[in-house]
Every structure is written in structure tokens, then in C-alpha cells.
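**Q** Heads up: the sequence lines are chains F and G, in that order.
Per our numbering, the first sequence starts with residue 1, numbered consecutively.
Per our numbering, the second sequence starts with residue 1, numbered consecutively.
Hint data in this document are derived by calculation from the structure and do not stem from the laboratory.
Fair warning: there could be bad hints in the mix.
As the list claims (entries may be wrong) - The list that follows gives simulated cross-link-like pairs (lysine-lysine, DSBU-like), each with its CA atoms no further than 35 Å apart: (1) G:Lys411 x G:Lys459; (2) G:Lys76 x F:Lys274; (3) F:Lys274 x G:Lys354; (4) G:Lys30 x G:Lys192; (5) F:Lys85 x F:Lys154; (6) G:Lys451 x F:Lys258; (7) F:Lys142 x F:Lys58; (8) F:Lys42 x G:Lys30; (9) G:Lys451 x G:Lys154; (10) F:Lys258 x G:Lys354; (11) G:Lys108 x F:Lys258; (12) G:Lys662 x F:Lys85; (13) G:Lys570 x F:Lys203; (14) F:Lys42 x G:Lys190; (15) G:Lys435 x G:Lys190; (16) G:Lys710 x G:Lys459; (17) G:Lys662 x F:Lys203; (18) G:Lys278 x G:Lys315; (19) G:Lys30 x G:Lys188; (20) G:Lys154 x G:Lys76; (21) F:Lys29 x G:Lys710; (22) F:Lys154 x G:Lys710; (23) G:Lys188 x F:Lys229; (24) F:Lys42 x G:Lys278; (25) G:Lys190 x G:Lys600; (26) F:Lys258 x G:Lys65; (27) F:Lys229 x F:Lys154; (28) G:Lys56 x G:Lys315; (29) G:Lys108 x G:Lys165; (30) G:Lys30 x G:Lys459; (31) G:Lys76 x F:Lys42; (32) G:Lys710 x F:Lys274; (33) G:Lys665 x F:Lys258; (34) G:Lys108 x F:Lys42; (35) F:Lys154 x G:Lys30; (36) F:Lys274 x G:Lys190; (37) G:Lys710 x G:Lys190; (38) F:Lys42 x G:Lys502; (39) G:Lys502 x G:Lys188.
What follows is the residue order along each chain.
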Amino acid sequence: MIPAAFDYKRASSAAEAISLVSQYGSDAKFLAGGHSLLPLMKLRLAQPAMLIDIGRVKDLSYIKDAGNHIAIGALTRHMDVETSKVLHEHAPLLSHAAGHVGDAQVRHRGTIGGSIAHADPASDLPATTLALGATYVVQGPKGQREIAAANFYKGFLESDLAADEMLVEIRVPKMQGAGWSFQKFNRRAQDWAIVGVAAWRRKGEAGVALVNMGSTPILATSVAGAIAKGASISDAAAMASNEADPQSDLNASTEYRKHLASVLVRRALEAASK
Amino acid sequence: MTITENKPTSIIGTRLLRREDPPLLTGEAKFTNDLNIPGALHLAVLRSPFAHARIKSINVSAALKIAGVVAVYTGKDLQSTWAAPMPCAWPVTADMKNPPHFPLASDKVNYVGDGVAAVLATNETASRDALDAIDVEYEPLQAVVDLEDALSDKNVIHKDLGTNKSYTWPLLVEETPGCVEEAFKKAKYKVKERYVQQRLIPMAMEPRAIAAVPQPFGGDITLYSATQIPHILKVMTALTLGIPEQQVRVVAPSVGGGFGSKLDVYAEELLCMALARKHNTPVRWVEERSENAQATIQGRGQIQEIELAADEKGKITAVRVRIVGDMGAYLQLVTPGVPLLGAFLYAGVYDIPKAYDFSCTSVFTNLTPTDAYRGAGRPEATYAIEMAIEALAREMKIDPFELRKRNYIKKEQFPYTAFSGLTYDSGDHLLAAEKAATLTDLAGVRAQQKKQNVPGATKLLGVGMSSYFEMCGLAPSRVLASLNYSAGGWEAATVRVLPTNKVQVITGTSPHGQGHETSWAMIASEKLGVAPEDVDVLHSDTAISALGLDTYGSRSLPVGGVAIALACDKVIEKAKLIAAHQLECAAEDLQFVGGTFSVKGSPDRALPLAAIAFGAFTAHNLPDGCEPNLEAQVSYDPPNFSWPFGTHMCVVEVDTETGAVKILKYIAVDDCGNQINPLIVEGQVHGGVVQGIAQALFEEAVYDSDGNLKTSTLAEYLVPAASDVPAITTGHTITPSPTNQLGVKGIGEAGTIGAAPTVMTAIIDALSSLGVTSMAMPASPQTVWKTIQEATRGGKK
């Protein structure tokens, strides 16, 4: 559990972090809460030569009502997302999902931006923000740009973030009273989901995203499309895996994962329709 | 001065808080890796990434160039260091095959994790970096992973042995020759079941840690180790390293759990000692978590076949058992003996005639060696008989509890001489089972089950139970001799009353979480009439506690605790002679109550133990021939095992759509005889039950067909946390053991023994309407779902 040797710099602003990462290039990794990166380093599966600690960058930890959406600073800890009154009111699906990330220690250290930037398909918040149609704001040497969550995830632990870019804000549209449900299926409370479902529904409209059903978080557009066309919940849920390409692992075969996805999507939509 | 005639309130049986907990909870307890040892070199072990491979070459030159690296040794470099191979203390048969096993492999590696090279460095980081810099060329060989594959001998791991079979150990008990076969022929009902006991990783919270410190002025060496067995380790390391035993001292500082995994003599202990002597400097090592999963022994690993024959009433008339045991790549300290510890228990708590046919064949595989793991052989046996009796009940279409009642050994039959010749000391199985049923509200749950488990329901209720016996308190030395075990089963204790009436208890038991300091102080307090806080318990250092056989097999209380009581009796006997001398009366006329001797009938003629202790110290006025000081030593060999028992029940709800199992209620009724401290008993039951639930639902050391461990981190190896297990309701009955003066039995393994079959029988019960009659462990959601799919596809369509 001893990482390979690395250098360490601490950034005090987003601009400084970006200038540092531009300088060190692909040898560098941002360190936020550290709950994804450090375990990989301790197992020597990740061996970055330079860690740029953004944990003390000021002003990136906030949750603000910005009119149509809620703006969440990338360094906001899961615990703050979980307990935010603003999110409880306007994006309860997200705060609820944040309460299911890891365990209490992880939620006190891990950040929403770290989780999204890590782009782990098994993490709860990438899929949840995807279901909610969030927009991610990233900052690079040339300034900021916005990326729709639906365009952000490119592959296993790969995103649209350039090596010299940093995620700074997550913008979540207000749910406006939509029904919602987060279904996390796992064997131990602290584990990643074997399959997870984040779903919301407002009359003929629905958004559904899947956790751990492929190399990226999956937007289940077939399900949402079927609901929009007036299909029954169970008919729509049968299409849960249309966009997915789930892997086999110790906990679940591909077949079992697809089965779970349809059961959980059905349960999620039923709960969201109440 | 007045002496109350009333017996003072007993401290035995009270829920005294554990004195161990404040230092553990505040982080003040010192574990081996917390010891500050200036100048110590750090050991790191390079481990084989192949389950089976020839070592063609090892190049250490790059590793030696890393700053801080002092030396790198290969197996060949150290071959002349060892006076003997690593020890196996349990040659169960005269012809048992035992391949030579050294701390580092030289020519061939036999499991993933087998040590290949040892690095010494001035700091831990350099030692770890050096491992990445060692270049080993391997020639991979076909790995033997599957037990039946091993049995076939198509691919023999240890060529010199000519076979993968280590031994076959039979136990055939027949009233008349051939009566087992006859019973099966005549049986009205028969069942034949096959179970797989998956491999489990003990995962003690503290991984192993070692520091070997040569003493600067003299030839001796101190080994600090996170071990359960400092005394056995002292003998074994002395023999293996060829060091005169009196020059070895072994200390076990605070030890964070063992569950059998620290009941061993490990390569790293020998490496640290050998290299500390070679370099004449302290050498230390601490295990990484994934290393712990691969290089510390694993538990279970058996395929069991059990057959029951029964008459028309369901009375069991014969039991036949065939076991294949997975030894792993080598025999560790007691590896081959583990199945034998269960061999006597496949008839469970049931009254069966002398018609018992058991045989175990154990084989080598290219996997981590197995050894004793909480329960060691007995959970496996209990699982088999309890699952099989449920199968018999299904066959007979009767209630499994009713079938058990027809077969329980009855209260009035105790002490009960079993088919095996062993005597079960005391028991009341029906009482414990009925208490469990009451706490479960069995009738209410069955009614609810009828309502809930209707066709089409997706949340099915099930009730499970198991009644168990545990053969523990290892053990009468003569019985161990008959099983070919290389040591005895006694325990030593010294009780010393200091001049100021404070007491030192020195025990040969070696706690690693069990709360011995609290419990042993309570025993001495009760006996001597001193406050428990005036009793200090010394242990786990062979320089202080010279004699002992350590802690495993639920032996510490029924052997070590009883030894303390006996030593207290000896102290009291001596003190009584001094009191009689000073009070000028006959010793027979004295009574000892509440820490004071007084003349029966004249309570004002009295002398407190405090005065006698001081008098024994000054030695100014002792009877003729009486030695100064108040101290007694006892080595106690128990006349019998202790036989705790009980019944566990649980209620589960199975989600048939996902396969998820939720335990709604868990009831444990255990009987360990008299309880010294019920708080500690409950803690042992809770932990044990959780480990049993873990085997039933969560844990499995999963290997691929090449022998790679797929569950080497805590992300994949699913040790359940508090949030994943139910609240446990503990009840108990008290049936004192007649074999020792405290009336106690062991409780350390009971929970683990009871829990796995309880959960598994509940799951099968829940799914019985779907045609499910068996379920593999661990019953993961996927396994449960697939089993349901197969049952419903196969049967009902």
C-alpha cells in the first residue's frame, strides 16, 4: 500500500491548477477528495508523476440557485450535496443519490467534481447527473466551455476533458416537482452498484440513466422514448438495456445485469410515478 | 471487626466492561507495527504471480541499486539458513505426504503469493520499490485449482510425492461389521447430499506484522509477532532456525484478530529472525492487505458428501460422509488436522447408533495453503448434517424442527457417550431449540409465511434453523495423542499475590480480541476476594509467561481459565496454612469468604488475605516448612473437551426478481455453561454469527482456472459491515459443564458454527415453493437468481 514516488504541488486557484497541469501534461493528475485516485495509486495501478492538489482551491465548493438550474461547484463534497436544502427542493434525486456514495467517510472527503471527472461508470453521480440532463462547465487555458453530460463520457474512465482542463461546475436543471427514484443494487451498503438506476418522471416525460451497465454511464433513451410515446412502465422497462453493454464480473454476468436493469428501471419508474 | 456471614455478591456473571477497550478505542494500544524500533531494516517479500511455475532465473541487480536497499535474498541464497523445513505439527496418518516447505521457494513456485525473494531496506518505501525492480524469469506450468482435478493426479504438483493426495483418514464405527451398509439397505428414508465449503479469507482487521530484534549483549533474539501462539512459535522457530530455545523470546503485543489465521508459523517470521541474526540488526515486516489475502492461510475449502439413513419415523440409523479437503500448496502448522476436528460431529446433536462411516481425503492444489479458520472443521460438519437433516425432512414431507426433535440427544442421556466413544458433557438441545423458536415467534412467522408466499409473490419468506454442538476447549492431551497431534492440550497459569494484596495472574493463553484480561481478572477476583481492578493479567510474552499453549479452538476459558481457578485454589490452600498458624487453629476449622479467613463459628478470629500476603512476603512468622511468598502454578490438562451447543433460527425474505436475500430476524440461543461475563459472551456470539452469515451470503476466495485470486482486495472480498447484517437477538440457556469447577464451556466459535446453515436453510425454505432444494454458498443475489431460474425452468413449465 505504498504508492510509487510522485511529486506534489498544491494549487490555490483554478487558474493556477490549470497552469500547473499545462506545464506537466499527461504525467499530472488532479487530486481532489482522493477517494478514487489514491486507492489506485496505493495498488500502483496508477503512477502519476505529479499530483496537483486542488483540494484547497477556494470558491469551488458551493451550491447556488441560478434560476433555471442549480450550480454546484466541482469541489463540493458528497455530504454537502446530500444535505443541501436547495438540492432537496430542486434536485432531490441528486442529493439522495449523493447519500448513497460509499460510506460516511467517503462522503465527507469525496467531491462531486472528482467523481464526475473520474468518469467511472460504476459511480452514482455521473449517471445521476446524466439522467437529470446536467451540463458540466470545464475550464482550460483558453477559458471555460460547457459540455452536456450526454456528450461528456467517452469510454471507461475517459471523458471529454482535455489533459489541461479542469471540471469547475455542475449545472443541474431544476426538477420542477418531477417524481424520481434512485435504485442502487449492491451486496454491501458501501459498495459500488452492481446495477444502479437514476430516474425521474413528469407526466409523459422521463429521464433514466444506468450505473455500471457499460463502459460509461448509460442514458437509457429507449426507456424515456417509450414513456414519451405512452408505453406502460413494464414495456418501457423491458428496453432498459437497449443502450447498455454491460460487462461480466464477479458479482454479475452480462445476462444477470440486463435482467437487474429491467427490474430496477421498472421499480424506479413505478416509484417515480407515484 | 465483624465478618458478614452472607456470601458476597458474585462478580462472575456480571457485565463488567472490558478493560481492554479504552486503549483500543483511543488508539493507545500498541500493535506490532506501532513498536518504535530504532535502526530496524524493513523486509519486503517478492511473491509469485504464477500459481505454478518453474523459477528459471532471478536477477536482483537493479533492486540492489535502489537507494536504501541493503540486501536481496533468493530462496537459494537462504537454503543453508534453515535447520528444518517449515513445521506441520499434525501428521494425521503415518503415511501422510508432506512436501518440504521453506520460507522462500527455490526452484518452483506453487501458489500465487509463494515467496520468491526477500528485500531488506532501510525504509519501507525502498523495500517496496525494490520488489518492482527484481526480474524473475518463470516457466509457467499447468495449475491445479479444482479439487477433483487434484484427486485425479493427472497433474502432480509435488513430483517427488508422486500424488496430489496428502492422506486419507477414515473413521468407521460399527456396532457389527457391515452395519452401516445394512442400515442404508433397510432404511425407509435416505438422502445423499453434496456441499461445497468455499474457501474463505480470514481477513483479521490487523494484518500480520513482525519484528525480530537481536539483543545487543548476548545470543538471544526477541520475536514480536501479531500471533495467536507465542509459546508454540517459540518452540517451532527455535527448531526451524536451529537456535537454542532458551535464547528465543516471543512477544505478541496487541493483536487485532486472528480467527485461526495467526495460529501458524509463517515464512515471514522465520525470514525476519534469520535475517535479523545475519545482519545483527532488527528486521521488521508488515503485511499489505492484498498480501494478507494471498499469503496468510485461508479457511474451509472442502467438498462434502453426506448420506443419512432413517427409519419410518425419521430416526437416523446411519451416517456416511466423504470429504475432499483442499490443503492448498503446502501443509502449514495444523492444515491436515482441520477436517479431523469435524470428523466426530457429522452426526450433530443427534442420537445415532454405532453406524458411522467417515473418510476424508485431502489433496494439494496450487492455491494458498489452508489451515484452521474459526471453527476449523466443525462449522463444515455442522453445515453438512444440518442441511442434510432438512433434506431428510423434505424427503419425508415433515417439519424439519419436528424431525430434529425426534433425533435430538435427550437431556436425561447426558453425559452421553457418543458412537465415537467421546463423551458429551452436558446438554439440553430441546430446551435451547424451543427457546429459539419462542424468540423467533416461529408459529407467527409460519403463519405470515403462508399468507405471503402465494403464487406470483416476489418477496418470499423463509425460516431456517440449525442446532449445533461444538467440540471445543482443545483439549485432553491423550485424545490429541490419539489423533497424532504433536503437542498437548493443557494450559498453564500462575497466580501471585503481591505483598500489598494486589494480584498477578500469568496465563499461557494469548488473547487477540477475546477480553481475557477482563475475564481472567474476574475469575481471580471471585476466588481471592479482591477487586477485579487489583488483578493484573500478564500474557503473550514467553519471558513472563514461560509455559502455555496459546489461544485457539475455544480453549482459553475451559482450559486456561480453569487453570487460573485451580491456581487460585492452590494459593488459598497455602494462605490457609499460614492463617491457621497465625490464628492458632486447625486449617480445617477455617473458612475463606470474601477475601478473609475466619474460624468457623467464631467470626472475630479472622485474618484477611492482605495480612497473609504481607506475612508471606516478610516471612517473619510462617509455619515450619512453609516457603515464603504467596504464589502457585498450575498446568491443567482437561479431562474432556467442552461441548457448548445451541440452536439458531433466522427469518429471511428473498426477492425473487433480483435474488437479494434480506435477513429479517436472527436469533441465537447458545449454551456455553456458566458465563463469566455475559457481555463478552454476547460479543463472541455476535462476531461469530456475522462470520457465519458472511460465509452464507458474502465471502468467497474466488480463483480463476490459472489459480489467480480474483478477490484480493476488500472491494472484491465482501467482508460484511455492520450495515449489511441484521440485529442479532441473543438468548441463552445455561447447562453447566460437569468437567470443570467453573462449569464453563468455550464460546469463541459457536456463532460461526451455527450461522451458515441457519441462513442457508432459511433461503431454501423461502424458495421451496419454487422447487429449489439446494443453494451454493455464498448465496449471492446472482446465485440465488440463477438457482430460481433453473428450478422454475426445469420443474414447473
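**Q** Decide if the proposed pair is consistent with the structure: Lys188 (chain G) and Lys229 (chain F), CA atoms, cutoff 35 Å inclusive.
**A** violated, 63 Å
**Q** So if I understand the rule, the pair passes when the alpha-carbon distance is 35 Å or less; does Lys274 (chain F) with Lys354 (chain G) pass?
**A** Given that 35 Å is the threshold and the Cα spacing comes to 64 Å, the pair is violated.
**Q** Starting from Lys85 (chain F), check that the Cα of Lys154 (chain F) is at most 35 Å away, please.
**A** The hint holds at about 32 Å.
**Q** Tell me if the straight-line CA distance from Lys29 (chain F) to Lys710 (chain G) falls inside 35 Å.
**A** Between Lys29 (chain F) and Lys710 (chain G) the Cα gap is close to 28 Å, so the pair holds against 35 Å.
**Q** Has the given pair, Lys42 (chain F) with Lys278 (chain G), been kept, meaning a C-alpha gap of at most 35 Å?
**A** Given that 35 Å is the threshold and the Cα spacing comes to 31 Å, the pair holds.
**Q** Is it true that the CA of Lys435 (chain G) sits at most 35 Å from the CA of Lys190 (chain G)?
**A** Between Lys435 (chain G) and Lys190 (chain G) the Cα gap is close to 30 Å, so the pair holds against 35 Å.
**Q** For the pair we were handed, Lys154 (chain F) and Lys30 (chain G), check the Cα-Cα distance against 35 Å.
**A** Answer violated: Lys154 (chain F) to Lys30 (chain G) is near 49 Å, above 35 Å.
**Q** Do the alpha carbons of Lys42 (chain F) and Lys190 (chain G) lie within 35 Å of each other, as the hint requires?
**A** With Cα atoms ~54 Å apart, Lys42 (chain F) and Lys190 (chain G) exceed 35 Å; violated.
**Q** Measure nothing beyond the straight line between the CA atoms of Lys665 (chain G) and Lys258 (chain F); if it is 35 Å or shorter, mark the hint as holding.
**A** holds, 31 Å
**Q** Given the hint that Lys108 (chain G) pairs with Lys258 (chain F), does the C-alpha gap stay at or below 35 Å?
**A** Violated, because 44 Å separates the two Cα atoms, which is more than 35 Å.
**Q** Verify the proposed pairing of Lys411 (chain G) with Lys459 (chain G), using a straight-line Cα cut of 35 Å.
**A** Violated: Lys411 (chain G) and Lys459 (chain G) sit about 39 Å apart, past 35 Å.
**Q** Just to be careful, I want the Cα atoms of Lys258 (chain F) and Lys354 (chain G) compared with a cutoff of 35 Å; is the pair within it?
**A** Violated, at about 53 Å.
Of the hints listed earlier, those the structure fails to meet are numbers 1, 2, 3, 4, 9, 10, 11, 13, 14, 18, 19, 23, 25, 26, 28, 30, 32, 35, 36, 37, 38, 39, in rising order.
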